[in-house]
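With the hints as constraints, model all of the structure from the sequences given.
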Amino acid sequence: DTEVTQTPKHLVMGMTNKKSLKCEQHMGHRAMYWYKQKAKKPPELMFVYSYEKLSINESVPSRFSPECPNSSLLNLHLHALQPEDSALYLCASSNGQGNSPLHFGNGTRLTVT
Amino acid sequence: GQQLNQSPQSMFIQEGEDVSMNCTSSSIFNTWLWYKQDPGEGPVLLIALYKAGELTSNGRLTAQFGITRKDSFLNISASIPSDVGIYFCAGRRGTGNQFYFGTGTSLTVIP
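One line per chain: the protein sequences are A and B, in this order. Anchor point for the first sequence: position 99 equals 102 in the working numbering, and the numbering is continuous, going up by one each time. Anchor point for the second sequence: position 91 equals 146 in the working numbering, and the numbering is continuous, going up by one each time.
Since the hints were derived computationally from the structure, they do not count as laboratory data. All the pointers check out, no bait thrown in.
In silico SDA-like links for lysine to any residue, alpha-carbon gap of 20 Å or less:
1) A:K56 - B:T150
2) A:K43 - B:S161
3) A:K43 - B:N77
4) A:K56 - A:H80
5) A:K39 - B:Y155
6) A:K41 - B:Q64
7) A:K25 - A:S53
8) B:K125 - A:G101
9) A:K41 - B:I141
10) B:K106 - A:S103
11) B:K91 - B:P136
12) A:K43 - B:G140
13) A:K25 - A:T8
14) A:K44 - B:F67
15) A:K43 - B:M66
16) A:K12 - B:V99
17) A:K43 - B:D138
A few chain B residues that don't get close to chain A, going by computed Cβ distances all over 10 Å:
18) F67
19) N77
20) I83
21) D126
22) N130
23) V139
Not the full set, but computed from the structure, chain A residues with beta-carbon under 7 Å of chain B:
24) A34
25) P45
26) P46
27) N102
We put the beta carbon where it would ideally sit given N, CA and C, even for glycine.
Dropping the structure here:
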C-alpha cells in the first residue's frame, strides 16, 4: 500500500468543467510534487511545494492551479482543460532533505472529453 | 527538463534469466533512485542510492551508484513473471527538490 493517497482514482471531465485532484500524505514530509505522465513515458514534473510554498513551476499552463493547504495536503485545480491534458496525474512527497527519495501515490487517471 | 538516458528501452527475457539495465547522464548526480511501475499504478521505489560506488540490494534486485556519479545500474536476478513492468531511474543533482527521470525500460518475462 502506498502512503501517499490520491483521489479520485479516475476522473472524466469536459473542457468547460472545473474539477480538483487531491493528494494526502501522513509521513511528515515537507516537499510535495505534482507530476503528469503519458502512457509509457516517464513522469514529467509540474509543480513542487516545499514547506507549503510553491518552489518550482515547470512553466505549466494556468489552467492547472496547485494549492497546498497544509503540509499534508496538496490539491490540483483544473479548469478549461484540453483533450491533450488527458494523462495519469501523480502526486509524490519527500522529506525535502538530502537523503530522501520520492514516494508516489497511485495517481488519478484523467480523461478530458 | 533534463532527461536521463536509460537502456535498454525494452527487454524480453525467459523466466529465470538475469536482467541488467542502466541509466546515464551528462551531469553529476548526488542521488539515484530506481522505481518499478505497473500499469495504472504509481511508481514504487525499489532502491535508493546516495554515495558514489554504493552497491545496495533489495531481495533479487541490486543497484549501484556509478563511480563517476553520472550513471547507475540495476540488476534483477532469476526473473519471475511478476517482475514485468516499466523500470525508471531517477536522479537528483545537489540537495534540491528536483528529480530527473530516465526514459524507462519495459521488461517482459516469458514463463
